[in-house]
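Residue strings, one per chain:
There are 2 protein chains.
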Amino acid sequence: MGVSLKDIAQRAGVSLATVSNVVNGYRPVGEQTRRRVQQAIDELGYTPNLSARHLRRGRTGIIALAIPELNNPYFAELADAAIREAAGLGYTLVMESSGADRDLELLLLDGSRRHIIDGLIFSPVRITRDDVLARTGTVPLVLIGEGVYDVPHDHIAIDNVAASRVVVEHLLALGRRRIAFIGAGAGQDRQSAQLRLRGYREALAAAGLPVDAELVVATEQFGRRDGLLAMRRLLALDTPPDAVFGYNDLVAIGAVRAIGEAGRRVPEDIAVAGIDDIEEGRFSTPTLTTIAPDKEHIGRFAVQRLVALIEGAPLAPPADLHLPFRLEVRESTGPLGDRHRAVG
Amino acid sequence: MGVSLKDIAQRAGVSLATVSNVVNGYRPVGEQTRRRVQQAIDELGYTPNLSARHLRRGRTGIIALAIPELNNPYFAELADAAIREAAGLGYTLVMESSGADRDLELLLLDGSRRHIIDGLIFSPVRITRDDVLARTGTVPLVLIGEGVYDVPHDHIAIDNVAASRVVVEHLLALGRRRIAFIGAGAGQDRQSAQLRLRGYREALAAAGLPVDAELVVATEQFGRRDGLLAMRRLLALDTPPDAVFGYNDLVAIGAVRAIGEAGRRVPEDIAVAGIDDIEEGRFSTPTLTTIAPDKEHIGRFAVQRLVALIEGAPLAPPADLHLPFRLEVRESTGPLGDRHRAVG
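Chains as they are written, first to last, in full-length UniProt numbering: chain A, 1 to 344; chain B, 1 to 344.
Next comes chain A alone, as it looks inside the complex:
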């Protein structure tokens, strides 16, 4: 217990800063030096797992990013930025999956890891605003995504209604008139699905077009297979859509596959767009038109707000923070094709 970083530095014959870098992992240290420090640590019986700085303040130096599904690359891409930002501020970020399970989300919300992590960045999909208001846990919390709004915590997201309107307006500007939406929530309140559906409806209404109920397809999940199966149903309609807006890029990519399997062309017969700007859609054939949220900004900003909370820095009051997005027009939403025009 009495062993300090200074003791280790003396024993190893290196600077205190070097010991700190080895112990905390803030900065790479040459291997020979690292081994010398490690030897001193072992000889003196110091347990170097926790940053001394964090330890003195009763912290672990670990923050968690809890997400609904590891399989959605959107979160991996956002996490990349968050990990870099956390490392720069002296924290290690670990990722945890809630599996989009309500009970697990409630456990996370109430701080079931409160002695392991210093703070939580949380993207919930099943809990409600009331759950957050009733929270008893005290672990610093920053919310991201569309799970809940209007709560006394920082909440970072894009404006999903506005983003969806932008997508549908783009499809309308291309002359599409039967625009489908794949990924309305099925018997559950995935808030983001509701918001994106609302944007879709608003854009159609603003264009004076009706919402055709058969063009709105609910899905259980929001992956590629869900998009594929929903698109097959749309293709079986008497009058299939001439454009599809997917809840996210994965759903849209599944829809593209279904259209191709049915012998129809994207975008000549049916245009397809999604939301998230995952890398997959920049390399797919066709490349995918999408809404690009500023993931780098969201990831870094969430960490900055969380660390400020953890370290008690003066902060603006908690707020719903809308970060920018942009429409990325790619191959999947080109003009209607000749064949289609000839038939239509």
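These aren't lab readings, by the way, just hints derived from the structure by calculation. You can trust all of the hints, since none of them are fake.
If you want a taste of the chain A side facing chain B, the calculated C-beta under 10 Å gives, among others:
no.	residue
1	GLU31
2	GLN38
3	GLN39
4	THR60
5	LEU70
6	PRO73
7	ARG84
8	VAL94
9	MET95
10	ASP131
11	THR136
12	ILE253
13	VAL256
14	ARG257
15	GLY260
16	ARG282
Idealized CB from N, CA, C, for every residue including glycine.
Fit chain B to the supplied structure of chain A, relying on the hints for placement.
Relative to the frame of chain A, chain B by itself:
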């Protein structure tokens, strides 16, 4: 300190098992009950973050899966299985990224989190066998992937040389003779790249074909963009390849995109195959031929071996364990096309 789960059960008027489920998060508990238990916990001042069972044994109940890159879906898919297995055994699995950075890998190896995690499943790409042999950390460790072999730790992987041979033999059986390999390591010892290159060479040698050095392309990283850029170089050759074997599916998907952008067809002009069987390749156009490692098996088995180590269960000695894989033939490796035949 004197507050027990029994005290909480009495105060809340529920069973000990229910309190345990709430505290440990092992099993979902109805919300009203959960709130009652939480109220008792708060009133009695019990800190319920750590499982009592783990705490009694000086454990945290957290195990980590450390991977080189979050952006490779292969690991997200493997982690899904590992998370489920860990939960079934009473552990929470968190993911940590090493960013394929040697210093970070060394820190992870030496147990920089030894008081936060009970054990580590580690997929290293930069450290060597000597690093593992020189390890001073004592956190239970299971290695996965191709980073290091022949060390006194469990090591779970597929036989990469054999897997690569299977891919190349498949391409040879389709009549392809100029088979390229994209993803040889560039000035670094990514062991898996060496093993896959070896399998490629062995298969060509067994078929009596020379290895044409201009068909082996080194890449800095192993993502879609690396595959795309490497493929552009191959397409610029006087005699481009008639087949491409990518280090992994991401590299192969980048290659497919480059071939399409150059106005050539997959598989009619150039067949493409990868390794990993990520979901993306089952929905891409064309769908991607690949080696499917049994990710479910690898993820679950790694957790089982690790938890046995943590809990001191009798174990077989540490071993290099090769798990099964299979070749998934899809659209990207169909027969040579007519146009190509006419020209060739």
